[in-house]
Amino acid sequence: DVKVTQSSRYLVKRTGEKVFLECVQDMDHENMFWYRQDPGLGLRLIYFSYDVKMKEKGDIPEGYSVSREKKERFSLILESASTNQTSMYLCASSLPITQGRGYTFGSGTRLTVV
Amino acid sequence: AQRVTQPEKLLSVFKGAPVELKCNYSYSGSPELFWYVQYSRQRLQLLLRHISRESIKGFTADLNKGETSFHLKKPFAQEEDSAMYYCALRGYNNNDMRFGAGTRLTVKP
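Residue numbers (the numbering used here), protein chains in the order written: chain A, 9 to 122; chain B, 23 to 131.
Please note that the accuracy of each hint is not assured.
Covered stretches of chain A (chain B as the covering partner; in silico rule of three or more C-beta atoms under 8 Å from a C-beta of chain B) [unchecked claim]:
| hint | segment |
| --- | --- |
| 1 | 43-49 |
| 2 | 52-60 |
| 3 | 114-121 |
SDA-like mimics (lysine to any residue), calculated; alpha carbons at most 20 Å apart, straight line [unchecked claim]:
| hint | chain 1 | residue 1 | chain 2 | residue 2 |
| --- | --- | --- | --- | --- |
| 4 | A | Lys-79 | B | Lys-95 |
| 5 | A | Lys-63 | B | Leu-68 |
| 6 | A | Lys-61 | B | Asn-116 |
| 7 | A | Lys-11 | A | Tyr-58 |
| 8 | B | Lys-95 | B | Leu-68 |
| 9 | A | Lys-61 | B | Ser-74 |
Computed footprint of chain A on chain B, listed as stretches where at least three residues anywhere in the stretch have a Cβ under 8 Å from a Cβ of chain A [unchecked claim]:
| hint | segment |
| --- | --- |
| 10 | 65-71 |
| 11 | 117-125 |
Don't read these hints as lab results, they were simulated from the structure.
These figures come from a predicted structure and were not determined experimentally.
Each residue gets a CB set at the ideal place from its N, CA and C atoms; glycine is no exception.
Sequences and hints are given; from them, build the entire structure.
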């Protein structure tokens, strides 16, 4: 019954590496989102997309990029990983706002940059 | 700008006691407010939305536009309510949502 799947539960990467976090949803949702979750800071929006090949910056896009080539897949890219990007990354998807629903979240990817 | 404030990082109550998790927001337009919950080792999930005016698992929340608040309440807390709770806001015509820092609720036996 899994609807939003994040490809890795845990990742350990070295400083300077290019990192890809993958997210796939099977609900035909238009909107997809990437957040990072840090204790005491809650969820902070990195990027989101409301259509294929469309992307919008969130509140903390620096050091990240995204790709949405297909409706069901939204990738987060860390161009050159740094230790301050060690975090839990959450992907979410939703229907258009006109349908007034909330988000469906993935189980998260815990990334450690060493 | 959208901003959500949850003033309590930690909240601890005894089983059967009332519980209130506070949420205040800042937004110039018409907001949609949500509460999300994350139980231990589970994914974040929607608890309730102000639009639907529903009660889920005994929890209710009322949007108070005058006080810009959306506090979550339950009259009798249960141990299984122990979790991390996030308040979230979405602008009326926006796709993106902003979350508060979260409140960890612990219900003691």
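Hints, one by one, checked against the model:
no. : hint                    : in the structure
1   : 43-49                   : holds (count 3)
2   : 52-60                   : holds (count 4)
3   : 114-121                 : holds (count 3)
4   : A:Lys-79 with B:Lys-95  : 38 Å, violated
5   : A:Lys-63 with B:Leu-68  : 24 Å, violated
6   : A:Lys-61 with B:Asn-116 : 18 Å, holds
7   : A:Lys-11 with A:Tyr-58  : 18 Å, holds
8   : B:Lys-95 with B:Leu-68  : 15 Å, holds
9   : A:Lys-61 with B:Ser-74  : 32 Å, violated
10  : 65-71                   : holds (count 5)
11  : 117-125                 : holds (count 8)
The structure fails to meet hints 4, 5 and 9 from the earlier list, while all remaining hints are met.
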